[in-house]
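**Q** Chains as they are written, first to last, in my numbering: chain A, 1 to 171; chain B, 1 to 236.
Simulated from the structure, these hints should not be mistaken for laboratory data. Certain hints may be false.
[To be verified] Cut-off 20 Å, straight-line C-alpha distance, at most; resulting in silico cross-link-like pairs (SDA-like, lysine to any residue): (1) A:K141 with B:G52; (2) B:K102 with B:V112; (3) A:K141 with B:S123; (4) B:K102 with B:L20; (5) B:K85 with A:V151; (6) B:K85 with B:R106; (7) B:K102 with A:T130; (8) A:K141 with A:T166; (9) A:K141 with B:A120; (10) B:K85 with A:T150; (11) B:K85 with A:T117; (12) B:K85 with A:T166; (13) B:K85 with A:G120; (14) A:K141 with B:M77; (15) B:K85 with A:W104; (16) A:K141 with B:N90; (17) A:K141 with B:D121; (18) B:K85 with A:A154; (19) B:K102 with A:T166; (20) A:K141 with A:L126; (21) B:K85 with A:G127; (22) B:K85 with A:R160; (23) B:K102 with B:V16; (24) A:K141 with A:S110; (25) A:K141 with A:W104; (26) B:K85 with A:R158; (27) A:K141 with B:R95; (28) B:K85 with A:D148; (29) B:K85 with A:R132; (30) B:K102 with B:G47; (31) B:K85 with A:V156.
[Stated by the list, open to error] Simulated DEER-style distance windows between Cβ atoms: (32) A:V40 with B:W168: 58 to 66 Å; (33) B:V44 with A:V67: 35 to 43 Å; (34) B:D92 with A:I64: 46 to 54 Å; (35) A:S137 with B:F191: 34 to 42 Å; (36) A:V67 with B:W181: 52 to 60 Å.
Just so it is clear, CB atoms sit at the ideal spot from N, CA and C, and this is done for glycine as well.
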Amino acid sequence: MDSDSATGETEWRIRPPRHRVDRRFIVWQTAQAVLSAVVVLGVVGAVHYFAEVTRPWLGPVLIILSVLFAVEIAVVPTARYLVHRWQATDDAVYALEGWLTRRWQIVPISRIQSIDTEIGPLQSLLGLATIRITTASSEGKISIEGLDATVARATVERLREVTAATAGDAT
Amino acid sequence: MTAEAYPWRRLSVRAVYLDLIRLVGSLVPGFLGVTLGDDGPIWVLVGGSVVGLLGALAGLVRWMATRYRVTPERVEMRSGLVQRKHRTVNRDRIRTVDSTAKWLHRVLGLRVVHVGSGDADSSFDLDALDRREADRLHRELSPGAVVPADSDGDEVTVEVPETVIARWDVRWVPLNAVNVWAVLTAAAPMFALYWFLRPFGVDLLDAGRGVLAGQPLAPSSAGRCASHCCNAGATG
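Modelling step: build the complete structure from the supplied sequences, incorporating the hints.
**A** Encoded structure:
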């Protein structure tokens with residue numbers, strides 16, 4: 001045995017998957033964060049305005065919520081965009097996501113049960129799409145959010161052909 | 001691609017009738033709730049009505065938006081009007097094809113077909129299909145049927161060797177009837193019925209004693225109810 005590997009000096013690094021999601025992902029996530037901020041702050045603000053009893057303790061809560069939402073709108077979409085990576089090869093689908101907790105996921109092609117494309121109203125406006133790939137296990141679900149709709153369609157089409165050509169795992 | 005040879009199919013039109021029936025049906029408790037309540041609407045009934053209405057409307061939207069198709073390689077379903085979704089399951093990954101029908105579905109000759117592929121996230125329901133259409137889908141997706149059946153009724157013959165898994169055995173009846181839980185199985189619905197009838201002035205225990213003592217059931221309980229109601233009216 002090689003002395004290097006025996007002492008553990010050769011370190012294995014996980015190479016991040018190759019592709020980034022579309023730049024419009026940032027716009028999409030920001031819009032979503034703004035919408036949820038408007039809804040939540042609107043409701044809390046209305047309660048604060050109309051019910052005077054709640055003001056002493058709801059005031060600080062409102063301030064903290066505002067700060068949290070400001071961070072979520074300003075920082076989180078970009079941070080998530082910078083982290084997100086994905087790749088689909090003939091053997092497997094890879095995804096890396098999360099801004100505080102990193103999560104690497106690999107689903108072998110032979111385990112793919114279904115391929116979903118989802119386009120919500122905001123995504124539809126921005127020309128984005130989300131791909132979800134499920135396996136028979138509840139753990140093995142990969143979501144690649146915020147792909148360009150054309151790229152998503154091409155990827156799904158290719159995955160369909162590859163999965164059709166791969167023999168099932170017969171589990 | 002051969003995709004064009006396999007057109008997208010819709011859910012049955014009768015699913016719309018089903019939703020319309022539900023729509024009308026769910027208006028009834030709401031109407032009763034508004035008209036019968038002496039002091040303001042009865043909110044439980046109105047709420048139930050609203051839930052029923054939303055369910056029926058969701059059913060209509062689902063009928064409008066859902067398309068599905070079966071090709072030699074895969075089954076696909078598109079759904080959702082605003083939140084669009086396109087699901088693809090390869091045919092060799094399909095584990096189960098069930099069809100179920102509640103009584104309203106049965107009256108209208110409809111079936112809900114569930115195409116399962118291991119996990120709930122990768123499965124889908126077609127709610128609802130024609131009975132014939134459901135049978136056809138069953139045949140198309142059963143093992144051995146590589147090509148979808150023709151729409152003009154030419155069935156694809158499927159040769160699958162049959163294996164007996166279990167046969168009916170009379171001894172199952174006593175095995176399932178005589179055990180500790182059988183008592184509870186009977187007791188739980190009786191308990192529920194007792195508490196359900198209490199507000200209406202019917203005491204199931206009294207009625208049971210009456211029956212055991214040989215008195216006819218109907219007059220005694222009805223009379224007691226009537227006297228109850230009169231008392232309530234007099235005091236109120």
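**Q** Quick one, are K102 (chain B) and L20 (chain B) close enough, alpha carbons at most 20 Å?
**A** At roughly 16 Å apart (the allowed maximum being 20 Å), L20 (chain B) and K102 (chain B) satisfy the hint.
**Q** Has the given pair, K102 (chain B) with G47 (chain B), been kept, meaning a C-alpha gap of at most 20 Å?
**A** Between K102 (chain B) and G47 (chain B) the Cα gap is close to 24 Å, so the pair fails against 20 Å, i.e. violated.
**Q** Tell me if the straight-line CA distance from K141 (chain A) to S110 (chain A) falls inside 20 Å.
**A** Cα-Cα ~14 Å, so holds.
**Q** With the threshold set at 20 Å, check whether the alpha-carbon distance from K85 (chain B) to D148 (chain A) stays at or below it.
**A** Judged against 20 Å, a Cα distance of about 16 Å means the pair holds.
**Q** Compare the distance between the alpha carbons of K85 (chain B) and R160 (chain A) with 20 Å, and conclude whether the hinted pair is satisfied.
**A** This hinted pair holds, its Cα atoms lying about 16 Å apart.
**Q** Straight-line Cα separation of K85 (chain B) and V151 (chain A) no greater than 20 Å?
**A** holds, 16 Å
**Q** Between K141 (chain A) and N90 (chain B), is the straight-line Cα distance small enough, at 20 Å or below?
**A** holds, 16 Å
**Q** Are the Cα atoms of K141 (chain A) and R95 (chain B) separated by 20 Å or less?
**A** holds, 18 Å
**Q** What's the verdict on K85 (chain B) and T166 (chain A), does the C-alpha distance respect the 20 Å limit or exceed it?
**A** Violated, at about 25 Å.
**Q** Take the C-alpha atoms of K141 (chain A) and T166 (chain A), compute the straight-line distance between them, and say whether it is at most 20 Å.
**A** Roughly 19 Å separates the two Cα atoms, so the pair holds.
**Q** Could you check the hint for me, namely that V40 (chain A) and W168 (chain B) are 58 to 66 Å apart, CB to CB?
**A** Because 59 Å falls inside the window, the suggested range holds.
**Q** Do the alpha carbons of K141 (chain A) and M77 (chain B) lie within 20 Å of each other, as the hint requires?
**A** holds, 19 Å
In terms of the numbered hints stated before, the structure departs from hints 1, 6, 7, 12, 15, 19, 20, 30, listed from lowest to highest.
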